[in-house]
Amino acid sequence: MAKILLIEDDTTLSAMIADVLRHDGHDIDGASDGGLGLEKVVSGQYDLVILDWHLPSMSGIDICHEARRQGVASRILMLTSASGLSDSESGLDAGADDYLTKPFAMLELVARIKALLRRPQELIPNELHCADVVLFVQPAEVFKGGVKLDLRPAEYSLLEFLLRHRGTVFSSEDLLDRVWHSDAEVGYDAVSTCVKRLRAKIDTDGNTSIIKTIHSVGYLIE
Amino acid sequence: MAKILIIEDDEFMADMLGDCLSSMHHIVEKARDGALGLERLRCFNYELVVLDWQLPHLSGIEICKRLKVELPHIPVMMLTSMDRLQDKETGFDAGADDYVAKPINIKDFSARVRALLRRSIITREPELRLRDLRLDIQSAQLAKGEKSVNLPPKEAELLQLLMKQPGEYFTTEALIENLWGADGTRASLANCLKRLRGKLSQLGESELIETSPRLGYRLR
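In order, the protein sequences belong to chains A and B. When we follow my numbering, the leftmost residue of the first sequence carries the number 1, and every step to the right adds one. When we follow my numbering, the leftmost residue of the second sequence carries the number 1, and every step to the right adds one.
Please note that a few of the clues may not be correct.
[What the hints assert, rightly or not] Within a straight-line C-alpha distance of at most 27 Å, the following computed DSS-like cross-link-like pairs (lysine-lysine) qualify: (1) K144/A - K102/A; (2) K144/B - K102/A; (3) K114/A - K102/B; (4) K147/B - K212/A; (5) K68/B - K3/A; (6) K147/B - K196/A; (7) K194/B - K114/A; (8) K114/A - K107/B; (9) K144/B - K65/B.
Calculated from the structure, these hints are not laboratory results.
Could you put together the complete structure from these sequences and hints?
In structure tokens:
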């Protein structure tokens, strides 16, 4: 089934988790030390990584940060003994996909793993680039040549949407449907106006626009 | 930024979560009961659904199950006051992507939303091609060279079916069964074919669908 890496220094717990997951048909690899764990994570070959928060030599959250920084897209489930919610929050914001507080029931772990494996493999990076424009998803900010741009919410939304789906052409109808409120009483001209305003802010004079118009089909960022 | 639907009958809760998501720059829409929620999901495109377990008319679990069949790519976050282990299992088994217990900690909720949206990728279904004809399954737009027409849903479904196996005959009965189930009639198929042929002729393809009295219909 799935290839799972278990980074946990508590050998009793680790053996228990491995048993249950092997029983479900998964292929389990283990590491009991943070540094060694990170090396395995960045090899990028795992569908899912179960990551303990407290580990010798490197903490779970640092591994998580570093793995995401290096572009590892594996789904990450963090385990911790701390029940403080700020931990769960920082774990998730460090790039973990889910979080479970010890002690937990094996059944819940199995159910969460099943759900995590259903999530898409691809991970949207926090920084989206095109030419000299950089868009940050979190916090939502856009920079051009290092200078922060002042975008209206609709302009930001449209830019983020096109950057996230680079190479795909979207018609005005598609865009109204996905980037505007469903009950908004606006027409296609809302899209073209927004594209025009956005171009004025993100394009460099004299260069072709970042947002391409495909005549009578729609818009895209290549 | 994502377009998010909250299906929650508790207005106070819906507003609180809605405000939280709006402050995260998302487009938030709400539905107060299960049936209305499912209808919105079918009509509009959302990137995430926040779904309460207990809802009037149609339960969250039921919506979740239907959603995973009809629109499997939309992530579902289940909200519940049922925090027993077997409830969580039921929720995840129904296809929920995450499961959050009430009372909701808003910081945990928003971090979980961010985590779900990091993996929200709109997978566009590939287009179908036959010679120089291209049918975009999602937008139901049929194009030939520079020209294109938009097909109504049934006509698009019919053409999609035929395009998947060009050259193969489909009987009248098989087409009716596929498109309308038990409610279909010969007249519904005849009408649909007529309208589809009309659209095809706008692209200079009026002869594309071939009729055989004995074998049924196929694409040339």
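Hints, one by one, checked against the model:
no. : hint            : verdict
1   : K144/A - K102/A : 44 Å, violated
2   : K144/B - K102/A : 59 Å, violated
3   : K114/A - K102/B : 22 Å, holds
4   : K147/B - K212/A : 19 Å, holds
5   : K68/B - K3/A    : 24 Å, holds
6   : K147/B - K196/A : 25 Å, holds
7   : K194/B - K114/A : 47 Å, violated
8   : K114/A - K107/B : 24 Å, holds
9   : K144/B - K65/B  : 38 Å, violated
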